[in-house]
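Q: Given chain A, put chain B in place with the hints provided.
There are 2 protein chains.
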Amino acid sequence: MTAGRKVLYEEVADRIGGMIDSGTYRPGDRIPSIRELSGQMRVSANTVMEAYALLENRGMIEARPQSGFYVRSTILEPEDRPAKREEGEGVAPSPVILDEVSLQVMRNVSNISLVPLGGSIPNSDLLPALKLSRMIASESRRQPLQSISYAPAKGIKRLRAQIAKRSISSGCPLSPDEIVITSGCIEAMTLALQAICRPGDTVAIGSPVYYTFLNFIQWLGLKVLEIPSTPKEGMSLEVLTYAIRQTPISACICIGNFNNPLGSLMPDEKKRELVRLLSRHDIPLIEDDVYGELSFGAVRPTALKSYDEKGMVLHCSSFSKTVAPGYRVGWIAPGRYYQKIKQLKTLFNIATATPTQMAVAEFLANGGYDHHLRTIRRVYARQVTQLRDSVGRYFPAGTRVSRPEGGFVLWVELPDRFDALKLYEMALAEGIGIAPGRIFTLGEKYGNCFRLNAAFWSEEIERAVKTLGGMAGGCFE
Amino acid sequence: MTAGRKVLYEEVADRIGGMIDSGTYRPGDRIPSIRELSGQMRVSANTVMEAYALLENRGMIEARPQSGFYVRSTILEPEDRPAKREEGEGVAPSPVILDEVSLQVMRNVSNISLVPLGGSIPNSDLLPALKLSRMIASESRRQPLQSISYAPAKGIKRLRAQIAKRSISSGCPLSPDEIVITSGCIEAMTLALQAICRPGDTVAIGSPVYYTFLNFIQWLGLKVLEIPSTPKEGMSLEVLTYAIRQTPISACICIGNFNNPLGSLMPDEKKRELVRLLSRHDIPLIEDDVYGELSFGAVRPTALKSYDEKGMVLHCSSFSKTVAPGYRVGWIAPGRYYQKIKQLKTLFNIATATPTQMAVAEFLANGGYDHHLRTIRRVYARQVTQLRDSVGRYFPAGTRVSRPEGGFVLWVELPDRFDALKLYEMALAEGIGIAPGRIFTLGEKYGNCFRLNAAFWSEEIERAVKTLGGMAGGCFE
Numbered sequence: 006m007t008a009g010r011k012v013l014y015e016e017v018a019d020r021i022g023g024m025i026d027s028g029t030y031r032p033g034d035r036i037p038s039i040r041e042l043s044g045q046m047r048v049s050a051n052t053v054m055e056a057y058a059l060l061e062n063r064g065m066i067e068a069r070p071q072s073g074f075y076v077r078s079t080i081l082e083p084e085d086r087p088a089k090r091e092e093g094e095g096v097a098p099s100p101v102i103l104d105e106v107s108l109q110v111m112r113n114v115s116n117i118s119l120v121p122l123g124g125s126i127p128n129s130d131l132l133p134a135l136k137l138s139r140m141i142a143s144e145s146r147r148q149p150l151q152s153i154s155y156a157p158a159k160g161i162k163r164l165r166a167q168i169a170k171r172s173i174s175s176g177c178p179l180s181p182d183e184i185v186i187t188s189g190c191i192e193a194m195t196l197a198l199q200a201i202c203r204p205g206d207t208v209a210i211g212s213p214v215y216y217t218f219l220n221f222i223q224w225l226g227l228k229v230l231e232i233p234s235t236p237k238e239g240m241s242l243e244v245l246t247y248a249i250r251q252t253p254i255s256a257c258i259c260i261g262n263f264n265n266p267l268g269s270l271m272p273d274e275k276k277r278e279l280v281r282l283l284s285r286h287d288i289p290l291i292e293d294d295v296y297g298e299l300s301f302g303a304v305r306p307t308a309l310k311s312y313d314e315k316g317m318v319l320h321c322s323s324f325s326k327t328v329a330p331g332y333r334v335g336w337i338a339p340g341r342y343y344q345k346i347k348q349l350k351t352l353f354n355i356a357t358a359t360p361t362q363m364a365v366a367e368f369l370a371n372g373g374y375d376h377h378l379r380t381i382r383r384v385y386a387r388q389v390t391q392l393r394d395s396v397g398r399y400f401p402a403g404t405r406v407s408r409p410e411g412g413f414v415l416w417v418e419l420p421d422r423f424d425a426l427k428l429y430e431m432a433l434a435e436g437i438g439i440a441p442g443r444i445f446t447l448g449e450k451y452g453n454c455f456r457l458n459a460a461f462w463s464e465e466i467e468r469a470v471k472t473l474g475g476m477a478g479g480c481f482e
Numbered sequence: 006m007t008a009g010r011k012v013l014y015e016e017v018a019d020r021i022g023g024m025i026d027s028g029t030y031r032p033g034d035r036i037p038s039i040r041e042l043s044g045q046m047r048v049s050a051n052t053v054m055e056a057y058a059l060l061e062n063r064g065m066i067e068a069r070p071q072s073g074f075y076v077r078s079t080i081l082e083p084e085d086r087p088a089k090r091e092e093g094e095g096v097a098p099s100p101v102i103l104d105e106v107s108l109q110v111m112r113n114v115s116n117i118s119l120v121p122l123g124g125s126i127p128n129s130d131l132l133p134a135l136k137l138s139r140m141i142a143s144e145s146r147r148q149p150l151q152s153i154s155y156a157p158a159k160g161i162k163r164l165r166a167q168i169a170k171r172s173i174s175s176g177c178p179l180s181p182d183e184i185v186i187t188s189g190c191i192e193a194m195t196l197a198l199q200a201i202c203r204p205g206d207t208v209a210i211g212s213p214v215y216y217t218f219l220n221f222i223q224w225l226g227l228k229v230l231e232i233p234s235t236p237k238e239g240m241s242l243e244v245l246t247y248a249i250r251q252t253p254i255s256a257c258i259c260i261g262n263f264n265n266p267l268g269s270l271m272p273d274e275k276k277r278e279l280v281r282l283l284s285r286h287d288i289p290l291i292e293d294d295v296y297g298e299l300s301f302g303a304v305r306p307t308a309l310k311s312y313d314e315k316g317m318v319l320h321c322s323s324f325s326k327t328v329a330p331g332y333r334v335g336w337i338a339p340g341r342y343y344q345k346i347k348q349l350k351t352l353f354n355i356a357t358a359t360p361t362q363m364a365v366a367e368f369l370a371n372g373g374y375d376h377h378l379r380t381i382r383r384v385y386a387r388q389v390t391q392l393r394d395s396v397g398r399y400f401p402a403g404t405r406v407s408r409p410e411g412g413f414v415l416w417v418e419l420p421d422r423f424d425a426l427k428l429y430e431m432a433l434a435e436g437i438g439i440a441p442g443r444i445f446t447l448g449e450k451y452g453n454c455f456r457l458n459a460a461f462w463s464e465e466i467e468r469a470v471k472t473l474g475g476m477a478g479g480c481f482e
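As they're listed, the protein sequences go chains A and B. By my numbering, the letter at position 20 of the first sequence is numbered 25, and the numbering carries on one by one without gaps. By my numbering, the letter at position 294 of the second sequence is numbered 299, and the numbering carries on one by one without gaps.
Pulled out of the complex, with its shape left as it was, chain A reads as follows:
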């Protein structure tokens, strides 16, 4: 009987496996649920469960929480080694010179009239627009005079207290007095760079580099040292260590959690090591943690700031990816640079707008932020998989896609001869936005790569991916 049962569930597994092999079920497709299949095949639920376990072991299907079983994507991840090194990379700081092509591409990437696979913008439909509108209304009416008056340069106390309260979950309990509210994370980071660096100084940063950083680093007259990074664990500490010995570095910028564009998540031990390495050499670390709250796993990863023992980590984040981009509410916990940052904030625009600070504070206190986060994490996790599957389905063999554990961007890598800029141009002509790899570096790398935004998902987007995949074949040199 036992032998018979075995044969039975193996038979079930072979039947489904055959349908996958023949393309009836394609990567990313949902296969029948246990109940459905046991009904259709008139076998017990147990039998189906064992069959699916077997298929999982064979790597053909995967369970997705609260969703069912899916044909596992056969698409490969990029190899977990840095992109091939260029002559002098990680040693020679480079002045930021963005050519006209790159600038033009950067402008187009977030063009809202395109199918939104280009910019790393969050999906507004997932954001708590109605709740926030009610809260900005009630807070302004409750305290009309306060709401039209200047906030302190460091920001209103209630908001700083809420942020401090939440900071425990990222492993670094902050006090409200360590925080300065900014007009978004970008402002936090530009203030940080201006507090630390003088023109001509060098900033070390994981490569590929989020191109917005290149923009403001260029404007500030700084040089960039690109540190090779891997899609799993981020910046290479070996190269960074080597670079620190070779050349003076004034600051390091790092997106430790769900890096944009790589998706990498630096392991805790490596985070600790990075902070130690830099602080041993008195190099301040500017942390961008805007994706930290968007973990697909159960636990929010630690902030680099949580390993900071000398006040040398300037932790920057915002509510632009999770609550309201248009509110322009972000913050910085700048450690020993606190006074300088507060002074610069005053200098450039006095303070962040008051009503939006009040509304975000109220939302954090009484808006169910954690519940909201759980929802959008789930959606982004699903969409990242859907987009990944979709690329796997429509793109030429040899295409590799990152497999991030949080955030909402994917890094796509094709064979060397692939020209992502050409794909970008063809896509643009079809009204589809993508972010070609060359805008993520000052060097000659990533010409075969591009970044996709998974914040949105619809049939239109799937069609766009199909279109892209179809055009990709024509983009090889």
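To be clear, the hints were calculated from the coordinates, so they are not data collected in a lab. Treat each hint with caution, since some may be false.
A pair holds if it fits inside one copy or across any two, identical chains being indistinguishable in the list.
Unchecked claim - Taking lysine to any residue pairs in the SDA-like style, the calculated list, with each CA pair at most 20 Å apart, reads: (1) Lys427 with Gln109; (2) Lys237 with Arg20; (3) Lys471 with Leu378; (4) Lys347 with Leu108; (5) Lys315 with Gly474; (6) Lys162 with Ser115; (7) Lys315 with Ser27; (8) Lys345 with Val101.
A: Then chain B, alone, in the frame of chain A:
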């Protein structure tokens, strides 16, 4: 009969004149109305009117619109010539080095726990807090998704259209597409300076200089050329012309209307000449027009921008003085620097917060902004006179006070041996804020001057002025 009547109104005039001379009525006091006096003295209203006309001619009383007749302040205005020239002034650009005393004073000037005679902050009680709270509420609820989403870098269209519509009143009809919304006027001005100047460049600016400008000019690594100014007409074009021939100047900053701190109002002909002079030498002019709407007269003065023929005037303003400082909504019409300014705005903080832009746009469209402006102009006009009278009453002989026709700051000048920094320190100990002259220059000038804020008026403030006046005698060297 005619002779008899003459004697009668002269008698009435002499009677009231005598009461003024003897101190029964003091400068700034209201004297009886025409109706009251004609009743009290049993003479015709016509007789009183003629008597008051005579006293007005003698310079003893003045009519104040919608308020009555007042004993004219005997306090002098500062002489209408620039403060005494220093060696090399107007010729030698100076790097901005703010000493610790100045920085400390600047921090204290706007300390909200002090009697608010120090900072040039508007009076929140005069601002339309309730109306704005209703409008930010209704706008956010009407368009929840738009309100949480990024605004374009240049700002939301409706707000730009409203600002453009109003620009006609300042003599320069702008199109919405010439305007970039900023987080207040300070941000507009720092963006302007960054678009135009590189570190080491020289900026010409009327002296005394609003100290906030010195702060950000210092940070940007620019040099300052202080151009002597008069309390009536502002910056000396003779000195500016001379300076342009002597030294390269990269930009000029000018508050043409109701200058802070002098109160000067540049006449139209001089404005035209200034713009022509600068544009002939290809020097961009950064205009700060935040006080333009606060004219005490019937007409809003022209903006410098209205004389701009070559796109060389960068017109900066905000709603911080008239609507809501905490909303951080300002704008810049940067002429030929439009693209650069928009790019810099994106670079530093992407865009200005959306809900506050929406609320201000709605207020401009449907909030009765003009009616509101008429109200606050009247209040500020009254308070400026009250504060001026009060200084005249309590300060030592020889004290001179500016007589601005708009805005809400007064510039007070005492004899040379007076030490305004000493008064500032004594005032601070009494919980009273004033802004001593030395923070308005990089040179050694204005040690005998200070600025007062007339945005607030109460018995407490009058007592504070009395206290200041009493202490002033002890501040002579």
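Q: With reference to the structure, classify each hint as holding or not holding.
A: Do the hints match the structure? See the list:
In this assembly of identical chains, the alpha carbons of Lys427 and Gln109 lie at most 20 Å apart only when taken from the same copy (14 Å versus 57 Å across copies). For the identical chains of this complex, Lys237 and Arg20 are neighbours neither inside a copy (35 Å) nor across copies (94 Å), given an alpha-carbon limit of 20 Å. Proximity of Lys471 to Leu378 under the C-alpha cut-off of 20 Å is found in neither arrangement, the shortest distances being 30 Å within a copy and 58 Å between copies. Taking the closest pair of Cα atoms, Lys347 and Leu108 come within 20 Å of each other only across two copies (14 Å); inside a single copy the shortest separation is 31 Å, beyond that limit.
Neither within a single protomer nor between protomers do Lys315 and Gly474 lie at most 20 Å apart by alpha-carbon distance, with minima of 49 Å and 50 Å respectively. Taking identical chains as interchangeable, the C-alpha atoms of Lys162 and Ser115 lie at most 20 Å apart only when they sit on different chains, with a minimum of 19 Å there against 34 Å within one chain. Taking the shortest alpha-carbon separations for Lys315 and Ser27, neither the intra-copy value of 59 Å nor the inter-copy value of 70 Å comes in at or below 20 Å. In this assembly of identical chains, Lys345 and Val101 lie within 20 Å of each other by CA distance solely across copies; the values are 18 Å between and 25 Å within a copy.
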